[in-house]
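S.K.: Whole structure, please, built from the sequences with the hints as guidance.
2 protein chains.
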Amino acid sequence: MASNSPRFSQLPPDSKLSLRDQICEIISTAITSSSLSYDRPLPSCRELALHLKVSRNTVFAAYSRLIDMGLLVSRDRSGYFVNPEVAQLSNAKITQSKKLNPDTCCPVQFQTNELVPIVNPLDWQEYPFPFIYNQIDPDLFPVDGWRECTRQVLGRKQLTNWTNDAVESDSKELVQQLRQRLLNTRGIYADEAEILITLGSQNALFILGSIFSSLFKSVAMEDPGFFGARNAFRMAGMNMDSVPIDEEGIIVDAIPNDCKLIFTTPSHQFPTMVTMSQTRREDLLNAASANDFIIIEDDYEAEMNYVTQTSPSLRSLDDSGRVIYIGSLSKTVSPGIRLGFIVAHRDIIKQARIARGVMMRHPPTIVQEIVARFFQLGHYDAHLRNIERRYTKRWYAMNHAISKNLNMLSQTATVGGTSFWLTGPDSFDSSLLKERLKPRGVLIDRGQDYYLHKKDKRSFRLGFAYVPIANMEAGVKIIAEEVNRLL
Amino acid sequence: MASNSPRFSQLPPDSKLSLRDQICEIISTAITSSSLSYDRPLPSCRELALHLKVSRNTVFAAYSRLIDMGLLVSRDRSGYFVNPEVAQLSNAKITQSKKLNPDTCCPVQFQTNELVPIVNPLDWQEYPFPFIYNQIDPDLFPVDGWRECTRQVLGRKQLTNWTNDAVESDSKELVQQLRQRLLNTRGIYADEAEILITLGSQNALFILGSIFSSLFKSVAMEDPGFFGARNAFRMAGMNMDSVPIDEEGIIVDAIPNDCKLIFTTPSHQFPTMVTMSQTRREDLLNAASANDFIIIEDDYEAEMNYVTQTSPSLRSLDDSGRVIYIGSLSKTVSPGIRLGFIVAHRDIIKQARIARGVMMRHPPTIVQEIVARFFQLGHYDAHLRNIERRYTKRWYAMNHAISKNLNMLSQTATVGGTSFWLTGPDSFDSSLLKERLKPRGVLIDRGQDYYLHKKDKRSFRLGFAYVPIANMEAGVKIIAEEVNRLL
Numbered sequence: 174m175a176s177n178s179p180r181f182s183q184l185p186p187d188s189k190l191s192l193r194d195q196i197c198e199i200i201s202t203a204i205t206s207s208s209l210s211y212d213r214p215l216p217s218c219r220e221l222a223l224h225l226k227v228s229r230n231t232v233f234a235a236y237s238r239l240i241d242m243g244l245l246v247s248r249d250r251s252g253y254f255v256n257p258e259v260a261q262l263s264n265a266k267i268t269q270s271k272k273l274n275p276d277t278c279c280p281v282q283f284q285t286n287e288l289v290p291i292v293n294p295l296d297w298q299e300y301p302f303p304f305i306y307n308q309i310d311p312d313l314f315p316v317d318g319w320r321e322c323t324r325q326v327l328g329r330k331q332l333t334n335w336t337n338d339a340v341e342s343d344s345k346e347l348v349q350q351l352r353q354r355l356l357n358t359r360g361i362y363a364d365e366a367e368i369l370i371t372l373g374s375q376n377a378l379f380i381l382g383s384i385f386s387s388l389f390k391s392v393a394m395e396d397p398g399f400f401g402a403r404n405a406f407r408m409a410g411m412n413m414d415s416v417p418i419d420e421e422g423i424i425v426d427a428i429p430n431d432c433k434l435i436f437t438t439p440s441h442q443f444p445t446m447v448t449m450s451q452t453r454r455e456d457l458l459n460a461a462s463a464n465d466f467i468i469i470e471d472d473y474e475a476e477m478n479y480v481t482q483t484s485p486s487l488r489s490l491d492d493s494g495r496v497i498y499i500g501s502l503s504k505t506v507s508p509g510i511r512l513g514f515i516v517a518h519r520d521i522i523k524q525a526r527i528a529r530g531v532m533m534r535h536p537p538t539i540v541q542e543i544v545a546r547f548f549q550l551g552h553y554d555a556h557l558r559n560i561e562r563r564y565t566k567r568w569y570a571m572n573h574a575i576s577k578n579l580n581m582l583s584q585t586a587t588v589g590g591t592s593f594w595l596t597g598p599d600s601f602d603s604s605l606l607k608e609r610l611k612p613r614g615v616l617i618d619r620g621q622d623y624y625l626h627k628k629d630k631r632s633f634r635l636g637f638a639y640v641p642i643a644n645m646e647a648g649v650k651i652i653a654e655e656v657n658r659l660l
Numbered sequence: 174m175a176s177n178s179p180r181f182s183q184l185p186p187d188s189k190l191s192l193r194d195q196i197c198e199i200i201s202t203a204i205t206s207s208s209l210s211y212d213r214p215l216p217s218c219r220e221l222a223l224h225l226k227v228s229r230n231t232v233f234a235a236y237s238r239l240i241d242m243g244l245l246v247s248r249d250r251s252g253y254f255v256n257p258e259v260a261q262l263s264n265a266k267i268t269q270s271k272k273l274n275p276d277t278c279c280p281v282q283f284q285t286n287e288l289v290p291i292v293n294p295l296d297w298q299e300y301p302f303p304f305i306y307n308q309i310d311p312d313l314f315p316v317d318g319w320r321e322c323t324r325q326v327l328g329r330k331q332l333t334n335w336t337n338d339a340v341e342s343d344s345k346e347l348v349q350q351l352r353q354r355l356l357n358t359r360g361i362y363a364d365e366a367e368i369l370i371t372l373g374s375q376n377a378l379f380i381l382g383s384i385f386s387s388l389f390k391s392v393a394m395e396d397p398g399f400f401g402a403r404n405a406f407r408m409a410g411m412n413m414d415s416v417p418i419d420e421e422g423i424i425v426d427a428i429p430n431d432c433k434l435i436f437t438t439p440s441h442q443f444p445t446m447v448t449m450s451q452t453r454r455e456d457l458l459n460a461a462s463a464n465d466f467i468i469i470e471d472d473y474e475a476e477m478n479y480v481t482q483t484s485p486s487l488r489s490l491d492d493s494g495r496v497i498y499i500g501s502l503s504k505t506v507s508p509g510i511r512l513g514f515i516v517a518h519r520d521i522i523k524q525a526r527i528a529r530g531v532m533m534r535h536p537p538t539i540v541q542e543i544v545a546r547f548f549q550l551g552h553y554d555a556h557l558r559n560i561e562r563r564y565t566k567r568w569y570a571m572n573h574a575i576s577k578n579l580n581m582l583s584q585t586a587t588v589g590g591t592s593f594w595l596t597g598p599d600s601f602d603s604s605l606l607k608e609r610l611k612p613r614g615v616l617i618d619r620g621q622d623y624y625l626h627k628k629d630k631r632s633f634r635l636g637f638a639y640v641p642i643a644n645m646e647a648g649v650k651i652i653a654e655e656v657n658r659l660l
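Line by line, the protein sequences are chains A and B.
Residues 174 to 660 (this note's numbering) are what the first sequence spells out, left to right.
Residues 174 to 660 (this note's numbering) are what the second sequence spells out, left to right.
Source of the hints: derived by calculation from the structure; they are not laboratory data.
Treat identical chains as interchangeable: a pair holds within one or across any two.
With a Cα cut of at most 20 Å, we get these calculated SDA-like pairs of lysine to any residue:
{"no.": "1", "residue 1": "LYS189", "residue 2": "LEU327"}
{"no.": "2", "residue 1": "LYS189", "residue 2": "ARG320"}
{"no.": "3", "residue 1": "LYS272", "residue 2": "ARG519"}
{"no.": "4", "residue 1": "LYS390", "residue 2": "PRO280"}
{"no.": "5", "residue 1": "LYS345", "residue 2": "ASP296"}
{"no.": "6", "residue 1": "LYS272", "residue 2": "SER462"}
{"no.": "7", "residue 1": "LYS390", "residue 2": "GLY410"}
{"no.": "8", "residue 1": "LYS433", "residue 2": "PRO280"}
{"no.": "9", "residue 1": "LYS611", "residue 2": "GLU654"}
{"no.": "10", "residue 1": "LYS523", "residue 2": "THR285"}
M.R.: In structure tokens, the structure reads:
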């Protein structure tokens with residue numbers, strides 16, 4: 174490179190970008206960081222191509238791109254320059270900034286809190302047998318359909334639909350599709366004013382916790398139960414009452430008399446996957462009327478039923494307005510899109526919408542519009558059938574592997590969901606099992622993390638959504654070996 | 174249509190979808206709602222084409238599409254049927270659900286709260302002169318660049334990057350790009366552990382309110398100030414102290430002695446757009462050290478400077494770790510994507526990350542990845558220059574129109590931002606002005622909504638980001654007419 178030209182480092186060996194885009198990246202970064210002078214030409218295509226070990230055409234394509242974008246200009250016979258308009262408008266070069274010493278003490282001290290973090294290793298995908306929960310198999314995702322929806326939604330005509338600040342409103346089309354394709358399969362009729370889109374079900378729980386914490390001091394929860402819900406209600410300032418469960422779901426008689434708010438997961442109890450029986454559902458609704466309490470129904474994995482038909486939602490059985498329904502698209506579309514929703518009495522939704530506005534305004538419009546289109550074109554329905562089909566096979570395979578290899582443990586009887594719940598004898602410690610399995614490439618969720626008070630160490634959970642059928646039995650056999658050593 | 178075929182209604186006249194996609198929509202909806210029987214054929218292409226008044230090819234294309242998706246099957250000589258696998262797996266038909274009477278009373282009564290909602294009419298785009306704030310001009314948005322980034326990010330190879338549950342981590346690439354292209358222009362050096370991605374700056378404020386409400390009873394705020402911040406701190410459970418401002422920004426001497434947390438908008442004071450002077454910045458930092466308080470700096474519209482160079486951020490002048498920096502991409506990319514970030518001491522970020530996890534886990538991975546790519550390829554830089562260029566012209570045009578037509582009012586001197594702040598004489602009432610302007614097609618923001626205690630009625634704000642230069646003077650003249658009637 175000519176000595177008067179700016180120097181660029183080599184292209185990184187592991188970039189995900191094309192060569193042209195990598196060159197665009199390094200040049201635009203150099204402009205932003207003001208390390209290119211405005212009065213000197215950039216290296217010629219030939220020079221930069223030699224330096225970066227790419228073809229001249231690639232450099233030419235990158236330069237042309239940057240000219241189109243307005244970052245560079247080309248001057249006859251002198252070469253390529255940074256666009257002087259960029260120079261004029263660029264922010265001041267900040268030269269006087271103080272670099273904070275990384276060892277500076279934090280000026281505030283936080284108290285320790287009781288929130289239970291999610292503790293899966295971030296590199297769980299590197300393990301051959303990740304029997305953990307809440308991940309989907311990316312092979313199932315209809316990428317082409319999703320890309321088609323994105324392409325349609327990002328059309329110039331639709332631009333204002335997703336670039337504008339939607340203030341506190343939701344995508345009308347998404348709300349309509351949820352009513353038509355999702356809620357109606359759960360027996361729920363709700364109009365627009367009874368639905369709020371949330372950033373996943375975790376966000377739905379926190380919003381509800383926030384609006385109810387001024388009215389009720391505590392919430393009754395299934396124990397073991399969903400720690401995400403406990404965290405949300407606790408951070409919103411509420412206390413927890415623990416309600417035990419049995420093979421039919423939450424034990425209604427054990428709900429405290431002064432309870433005004435209860436959280437439950439009837440479709441599949443989190444974490445045991447027990448489906449609430451029809452009698453129990455009726456008992457719970459009757460108790461709600463008699464004792465005047467509100468029910469938050471998290472319709473957890475409602476779609477994942479392999480042995481029997483799906484049970485109707487509590488909300489569909491209620492005519493008193495006491496049931497608040499929470500749904501999520503994390504399992505049926507993807508957890509990375511973070512979309513969920515609340516269905517409730519319009520007065521509750523009104524409060525929830527104000528609270529959501531203060532927390533974050535609204536879930537990104539662009540994601541709402543893409544998902545609405547995904548529903549509209551039928552991709553959601555087709556994808557849901559695919560998931561059900563695939564998970565049915567996996568559930569039976571996993572059930573078989575567990576019955577065959579882990580029959581020294583007690584398996585909680587279930588008819589759906591994406592995991593199994595296993596319990597050892599009194600002396601059994603699932604933390605120890607978890608520790609011993611990890612170096613053997615097997616990840617499991619220990620049960621004690623789901624308990625509120627009495628930390629029962631005997632149970633653990635095996636999620637099967639991510640482990641391919643071909644690997645299941647091998648993984649379960651390793652678990653069996655380690656269980657036998659612990660018994 | 175043959176009498177034994179299912180009936181479909183006509184295609185809606187106003188759909189945004191192609192004809193083929195509209196047919197896919199009505200058929201997939203009919204399958205979901207179980208209104209198609211599985212043992213009877215659908216109408217033939219010819220029949221349905223006649224019925225819907227489209228070409229046979231269009232119906233054929235839709236049927237082929239639905240076969241590809243697995244929702245329909247084609248049987249030789251018998252025609253098209255719903256895929257029996259869909260029938261087997263479909264959720265139970267819910268027949269027993271109770272329809273909630275829309276007049277049912279809400280089972281809980283909420284107290285009225287002091288949260289200030291945003292009150293712009295949702296149809297603001299229909300007004301010829303929407304001098305309101307917080308909207309961007311969609312014509313400026315680089316749709317093609319954005320679509321390119323989306324296409325790249327949605328590639329099958331990148332799938333797991335955005336479909337997986339990211340638990341509590343952020344997009345590494347986005348964090349890297351923010352450091353390299355945005356924070357460095359603000360004089361800020363921060364490592365990964367000092368940055369948290371949020372769902373816009375509103376979410377950043379609420380997260381900070383939540384983690385500080387257990388430590389501090391109150392927060393000191395500029396008055397007039399940003400109601401979004403007031404709402405966030407109030408909902409998090411904090412009280413407000415009011416601190417007046419002058420032409421150099423927040424009045425440091427007026428900060429209460431026992432104040433431990435202060436919120437400020439130094440780049441452009443919200444809502445007056447006053448830029449905090451260098452002396453005032455130093456005074457504020459010295460006061461923070463002397464009185465041991467934390468500063469939350471919302472770097473509001475930092476990029477929008479037309480007359481002078483951008484001032485360095487408070488965070489870049491601080492070596493004590495007392496400044497928490499909040500930034501947003503709503504103005505420089507789009508408010509619909511809802512991305513912002515917090516830069517703070519790693520211990521504060523750690524707490525903020527836990528709180529964010531409980532509220533909503535994380536901003537959608539897919540949006541983070543697209544925006545990261547948007548930065549990486551240089552689109553952000555190019556777009557920012559475009560915005561600056563366009564807004565500079567608009568700012569001068571608006572400034573000119575105001576000086577010429579509204580000189581009976583006092584205009585607060587500013588050097589940037591996307592709005593102007595005007596104040597009438599003592600008797601002036603901007604609510605009245607707002608009311609009279611609306612039927613004339615002019616929207617303005619009245620000043621009193623930004624005050625905490627003393628609701629000063631004299632001021633109003635004119636945002637110019639959305640009104641084209643050609644319309645500005647006409648709009649300002651209408652305002653002048655109505656102002657004159659009120660004086």
